[in-house]
Amino acid sequence: MIAHTKGGNTMEYTQQISVFLENRPGTLAELTDVLWKNNIDMRAMCVADAMDFGIARIIVDDVYETMTVLKDAGYVCQITKVLTVEMADEPGGLSKILALLGSAGINLEYTYAFLSRKKDTAYLVLKVAEPEKAEAVLRAEHIRLIGQETLQGIFGD
Amino acid sequence: MPNYFSPEKETASREQIRAWQDAGLRDCVRRVYDNVPYYRKKMEEAGVAPEDIGGLEDLHKLPFLTKDDLREAYPYGLMARPLTDCVRIQSTSGTTGRRVVAFYTQHDVDLWDECCARAIVAAGGTPDDVVHVSYGYGLFTGGPGLNGGSHKLGSLTLPMSSGNTDRQIQFMTDLGSTILCCTPSYAAYLAESINERGLRDKIHLKAGIFGAEAWTEEMRRDIENALGIKAYDIYGLTEISGPGVAFECSEQSGMHINEDYFIAEVIDPKTGEVLPEGEKGELVFTSFAKEAFPLLRYRTKDICILSRERCSCGRTFVKMTKPLGRSDDMLIVKGVNVFPSQIETVLLNHGYAANYQIIVDRQKNSDSIEVRVEMTPEMFSDELSKITAREKELVAALKSMLGIYANVRLVEPKSIVRSEGKAVRVIDKRNLYQG
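First to last, the protein sequences are chains H and A. Going by the numbering used here, the first residue of the first sequence is number 1, and it counts up by one from there. Going by the numbering used here, the first residue of the second sequence is number 158, and it counts up by one from there.
Please keep in mind that the hints were generated in silico from the structure rather than gathered at the bench. Bear in mind the structure is a predicted one, so any value in this text is a computation, not a measurement. Mixed in with the good hints there might be a few duds.
[What the hints assert, rightly or not] Reference listing, derived: stretches of chain A covered by chain H, where coverage requires no fewer than 3 residues with Cβ under 8 Å from a Cβ of chain H:
#1 526-535
#2 538-546
#3 563-574
Each residue gets a CB set at the ideal place from its N, CA and C atoms; glycine is no exception.
Let's have the full structure, built from the sequences with the hints guiding it.
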């Protein structure tokens, strides 16, 4: 008998959409207008910027629909697998998670946080170099990971 | 006070100049026909033989030569003398495809030096002057040309080459440079730096000879005022020899072409028809006096007007206006020839799409070039560092291709304006060409 302990099905990823934006006034507003006109609700967003361009990273419920809308609007975008971690919205909540990853030697590329309607809970989006390893480390500490399918559930709408 | 380096040439009668050109042309056509298979074939195809060329009146019978010919014949195909007779090579910037390699015998170098010496004298130079040459040295003709001219004249020559502005200014103040030779944009930059350091009173410049790029009358006034000098234009191209093919005199209104060595024509760039004096068209040169690399009817792609009106300086050589434009898409940025196709090649080699735009600007008399490239799904990454690393590679590749720094700016897909479906490739904000 083969032990089925690890595989695609058990991984809990969130599919973040990364969008290329050039650095000029109004580009982010243009992007959010496109989402608005197509009735797309963003669950989380963060913008990273270099000298002459930026990347908007967004989390939405329906990744396929959003990608279609953005591509039709002429954006260059791609899906990036990230981990979304549930944590207590209290002092030290973030430190605990970062300490776990740090001691496991997992390099964090970037992170940003968002809130839902669930009281006293915050969510942390993590982009790490070794997602499988990070997932195992977090699971071992009974930290809840939010997959793309369960995302809508935490907003309760 | 008029002064000439070669008075018997520069003030010769029109009849005398015509006689030199007639004899020189006949001789040159015979030489290339006998020694250069490429020319012989071209002339045979055009149905013209050396005996058909009696003088200037027959020049129009000869086929034109273009950069494409130079490329096809690269590197030795247009040489009219064996390599052993050659002493020098100069070259233009650019890709292998665009690169022009010119060969010189000692006679050719002497002729070129003489042309540059005439330019220095026309700018008021004498053997007592200290000629500060801040053009680049090396394959580029700017440095070697003015350097040679200054030697020929017997001036003290400072072979500074370009860059290292602090050192330039230090030599200028310590060694009393009196004539500055460089690109007009570098002259403007030096002027600004000198004034910023409060060293205007410590410099002894009286004149400047500025070429290798187009510049306006406003820029001339700026430089003249900032340095307290007279600023003169100089024209040339590697194919024909280098700077000094034509030079400005005390009139500062157009450049005298050294007609004892070069025949100038102006043609309609579309039909190739020779235009009468005073009409605007493409400048064409025949460098009949050169030994190693004489060119017959070489199309410069520079648009200008010729005038044989009597000049107050006493020179009888025909005058050309500053170039009024180009009949191709070549840009001159910081004195360097840039073809949009070179930039396109680099972009394609680096995986970018050919959706780009080149923005050329001049701020405070200093040129800048920006390449806007549309982002593609293939080049996009969620990681900022990957994109910036690719951007840096692109900047380095452009630098290596063009020889100058070009800023890269990534823009959103389809954001580059297309008119009638075709992208506007070049936006030159400098408005260099007047008149």
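List, from low to high, the hint numbers that the structure doesn't satisfy. Every hint satisfied by this model.
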